[in-house]
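Chains A and B supply the protein sequences, listed in that same order. Under the numbering used here, residues 13 to 376 are what the first sequence spells out, in order. Under the numbering used here, residues 55 to 381 are what the second sequence spells out, in order.
Quick caveat, the hints were computed from the structure, so don't treat them as lab data. Glycine is no exception: its CB is placed at the ideal position from the N, C-alpha and C atoms. Accuracy of the hints is not assured; some may be wrong.
Derived CB-CB ranges, DEER-like [unchecked claim]:
#, chain 1, residue 1, chain 2, residue 2, range
1, A, 353, B, 254, 17 to 25 Å
2, A, 109, B, 153, 18 to 26 Å
3, A, 164, B, 323, 48 to 56 Å
With a cut-off of at most 30 Å between alpha-carbon atoms, the simulated DSS-like pairs for lysine-lysine come out as follows [unchecked claim]:
#, chain 1, residue 1, chain 2, residue 2
4, B, 108, A, 161
5, A, 45, A, 284
6, B, 308, A, 360
7, A, 92, B, 80
8, B, 308, A, 157
9, B, 308, A, 161
10, A, 92, B, 108
11, A, 157, B, 108
Covered, in the sense of this in silico footprint (three residues per stretch, anywhere, with C-beta under 8 Å from a C-beta of chain A), are these stretches of chain B [claimed, not checked]:
#, region
12, 106-119
13, 142-154
14, 162-174
15, 193-207
16, 214-223
Each chain, letter by letter, is given below.
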Amino acid sequence: MLQLLAPDGTYGVPKGYEKYGKLIEDLDEDTLKTFYRDMARIRRFDIEAIALQRQGQLGLWVPAIGQEGAQIGSGYAVGKNDHMFPSYREHGVALTHGVELMSILKMMRGVNHGGWNPEETRFHLYAIVLATQVLHAVGYAMGVKLDGKVGTGNPEEDLAVISYMGDGATAEGDVSESLLFAAVNESPIVFFIQNNQWAISAHIDSQTKAPLYTRGEGFGVPGMRIDGNDVLACYAATKLHMDQARAGQGPFLLEALTYRIGAHTTSDDPSKYREDAEVEKWKAKDPIVRFETFLRRQGVGDDFFDEVTEAGDQLAKDIREQTFALQNPPMENIFNHVYSDQHPEIDKQRAWLEAYEAQMGDHE
Amino acid sequence: MSNYKEMPIAKALNAGLSQAMSANDKVLMFGEDVAELGGVFRVTEGLLDEFGDKRIFNTPIAESGIVGTAIGLAMRGYRPVVEIQFDGFVFPAFNQITTQLARLTYRSEGFLEMPVVIRIPYGGGIGAVEHHSESPEAYFAHTPGLRIVTPSNPNDAYWMMQQAIECPDPVIMLEPKRRYWQKGPVNLDTPPLPLHSARLMREGTQVTLIAYGPMVTAALQAAEIGAEEGVSIEVIDIRSLSPIDYPTIMASVKKTSRAVIVHEAPTNVSISSEIAARISNEAFYNLEAPVIRVGGFDTPYPPAKLEEIYLPDADRILEAIDRSLAY
Chain A
13 MLQLLAPDGT
23 YGVPKGYEKY
33 GKLIEDLDED
43 TLKTFYRDMA
53 RIRRFDIEAI
63 ALQRQGQLGL
73 WVPAIGQEGA
83 QIGSGYAVGK
93 NDHMFPSYRE
103 HGVALTHGVE
113 LMSILKMMRG
123 VNHGGWNPEE
133 TRFHLYAIVL
143 ATQVLHAVGY
153 AMGVKLDGKV
163 GTGNPEEDLA
173 VISYMGDGAT
183 AEGDVSESLL
193 FAAVNESPIV
203 FFIQNNQWAI
213 SAHIDSQTKA
223 PLYTRGEGFG
233 VPGMRIDGND
243 VLACYAATKL
253 HMDQARAGQG
263 PFLLEALTYR
273 IGAHTTSDDP
283 SKYREDAEVE
293 KWKAKDPIVR
303 FETFLRRQGV
313 GDDFFDEVTE
323 AGDQLAKDIR
333 EQTFALQNPP
343 MENIFNHVYS
353 DQHPEIDKQR
363 AWLEAYEAQM
373 GDHE
Chain B
55 MSNYKEMPIA
65 KALNAGLSQA
75 MSANDKVLMF
85 GEDVAELGGV
95 FRVTEGLLDE
105 FGDKRIFNTP
115 IAESGIVGTA
125 IGLAMRGYRP
135 VVEIQFDGFV
145 FPAFNQITTQ
155 LARLTYRSEG
165 FLEMPVVIRI
175 PYGGGIGAVE
185 HHSESPEAYF
195 AHTPGLRIVT
205 PSNPNDAYWM
215 MQQAIECPDP
225 VIMLEPKRRY
235 WQKGPVNLDT
245 PPLPLHSARL
255 MREGTQVTLI
265 AYGPMVTAAL
275 QAAEIGAEEG
285 VSIEVIDIRS
295 LSPIDYPTIM
305 ASVKKTSRAV
315 IVHEAPTNVS
325 ISSEIAARIS
335 NEAFYNLEAP
345 VIRVGGFDTP
355 YPPAKLEEIY
365 LPDADRILEA
375 IDRSLAY
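Required output: the full structure, derived from the provided sequences and hints.
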């Protein structure tokens, strides 16, 4: 397993992994601070979103607490032309590519099903049916290769695709088919599995008999395991393998070993299926705490951490206000975009509902 | 003078595909055995030589993978046409078709278009083993976001293939496999109708006979026999199963006051269920008889040696027409 930052915050490059370490040595202090700032920011956002759900402001929340290292580290390693296909817990990755965090809250509130532009942000829409997005990612990567945007050596031209999934999704047939299609087409893609140990209530031991990083081997997709709570390892591994995919070296699989500190969703009750001791053990490996220790040893002082805490409080306040101010979508959104073109049945039903509502008057 | 050419449905589909691939280099064709072999029904024969292996290629035998990657390619700006080898093999892709392909334009509030065509040879009558004779149209017609069409003759096959590929929405193209080698004239210059319009195939006065896909041939046979027996049957080929061209159906039913609907699929919760309900809504006072449906029985598709009994034919259709006229 690639680990550059131990849980106690000690940095070190294991023997044989020098090419990964080199990528970290290229980073300046501002970039490292950005990693910390965004990990802290997304955790604060997450905590606030849970509170908003508990207050009835969101229909559901899907916490990613504990997985910030995997998400911020890999997200910042994704290049400026690359495309990302998330599952539904990748709030941190969204943050690294400029997706408005309010878009995610709107979706979880039920204002829309995911109202950001996937082509503009290159961060595709959340996929709620497990593993469906992995095949879309492979198809996209097949298209990139058909376009000749792989291995040209021109960084303005080349791009690769990263597909996120959880350990639970790996059981779906679509993941196996994705690995196969990517392998036979030599597609420019990295499969990024966040193994957070629990598929709702099913522990990883009941989901696979072989480590997930080996899942691609039978299909011809090599893989490696990384410490998913080490933001630097996640950055370096994603960067190196996305660079290789972009250069035309084909698909690769990364298993980021992490832990879901919170519930699967706000509808879940983890106390029914796991021990507190296990959670406490993983809290000791927290990605944010270890990175703070590392930064302090690098000479980053209280001023910075105080500023991040203040910014987090401001973010929480802002999203509360913006969530409370959200308007319900207009009635016609029921019918809009079912088809791109005019559709006689949809048009008829829209007209009927408008007439019906007008006749019934205001039922507020 | 239009330029006509005589060809079977399979060749017309091939010619339509070739036209679409020539017209737009974003059109791709892929599926199981579609490249060198030309598909098990040879619908894609010759396209590999014409367009090369970047435009038409074989995939692993994984239908969810075929449709799922087609979605990704559409996101990248391609217009994929995929072949599902047989009707009974589409179900591994059902999840990708219904939860993803059909909804991505809606989910993205119009940011994404999904110009994907899924070609499926469907229906029975070829003496096949299990899972090679299914009529799965109702599953897809029930799904908002999909368009479903089925040509019954070479001219429609040629043009509907091109129209489906031009459509910005996902289209399921159900190809009547037992009619693949049925010949007819193709007008190479002018499309006959918009993709979702029904066609009046034969005028008549006493009863409207509504059919689609492989049953259009049987309906026309029934109308011919009926005419010899003095019964005037109007035949409509609805061509599009989602959306259905109801104005054409209602105009005919209001004229004849009687409707019989025929298809191969089991009748329970089928295309004919929906058309019958709509006729009762929109032409209730014009009806002289209840709408009668002629379809497959509500059983799995039977073994091949029983399919001639199972499948509707001209006699079963005429028996239903007699019942309608008896009211």
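(message) A range of 48 to 56 Å was offered for this pair. Does it hold for the Cβ distance of residue 164(A) and residue 323(B)?
(response) 53 Å, holds
(request) Closer than 8 Å, Cβ to Cβ, for at least three residues: run that test on the region 193-207 of chain B against chain A and report holds or violated. (result) As far as the region 193-207 of chain B goes, the hint holds, because 3 residues have Cβ atoms under 8 Å from chain A.
(message) Between the region 142-154 of chain B and chain A, are there enough contacts, at least three residues with CB-CB distance under 8 Å, for the coverage claim to hold?
(response) holds (count 5)
(request) For the pair we were handed, residue 157(A) and residue 108(B), check the Cα-Cα distance against 30 Å. (result) Satisfied, since the Cα-Cα distance of roughly 10 Å is no more than 30 Å.
(message) Check the hint pairing residue 92(A) with residue 108(B) against an upper bound of 30 Å on the C-alpha distance.
(response) 26 Å, holds
(request) With respect to the beta-carbon atoms only, verify the hint that residue 353(A) and residue 254(B) lie 17 to 25 Å apart. (result) 24 Å, holds
(message) For a C-alpha distance cap of 30 Å, please report whether residue 308(B) and residue 157(A) respect it.
(response) Since the Cα atoms of residue 308(B) and residue 157(A) sit roughly 56 Å apart, the hinted pair is violated (cutoff 30 Å).
(message) Run the distance test for residue 92(A) versus residue 80(B): straight-line Cα separation, threshold 30 Å.
(response) 24 Å, holds
(request) Quickly compare the C-alpha distance for residue 45(A) and residue 284(A) to 30 Å and report which way the hint goes. (result) 38 Å, violated
(request) Below or equal to 30 Å on CA atoms is what counts here, so check residue 108(B) against residue 161(A). (result) 14 Å, holds
(message) Does residue 360(A) sit within 30 Å of residue 308(B), going by the straight-line distance between their CA atoms?
(response) Measuring from Cα to Cα gives roughly 21 Å; hence the hint holds.
(request) Check, residue by residue, whether the region 214-223 of chain B contains three or more positions whose beta-carbon lies closer than 8 Å to a beta-carbon of chain A, and give the verdict. (result) Check passed, 3 qualifying residues.
In this structure, the hints that do not hold are numbers 5, 8 and 9, in rising order.
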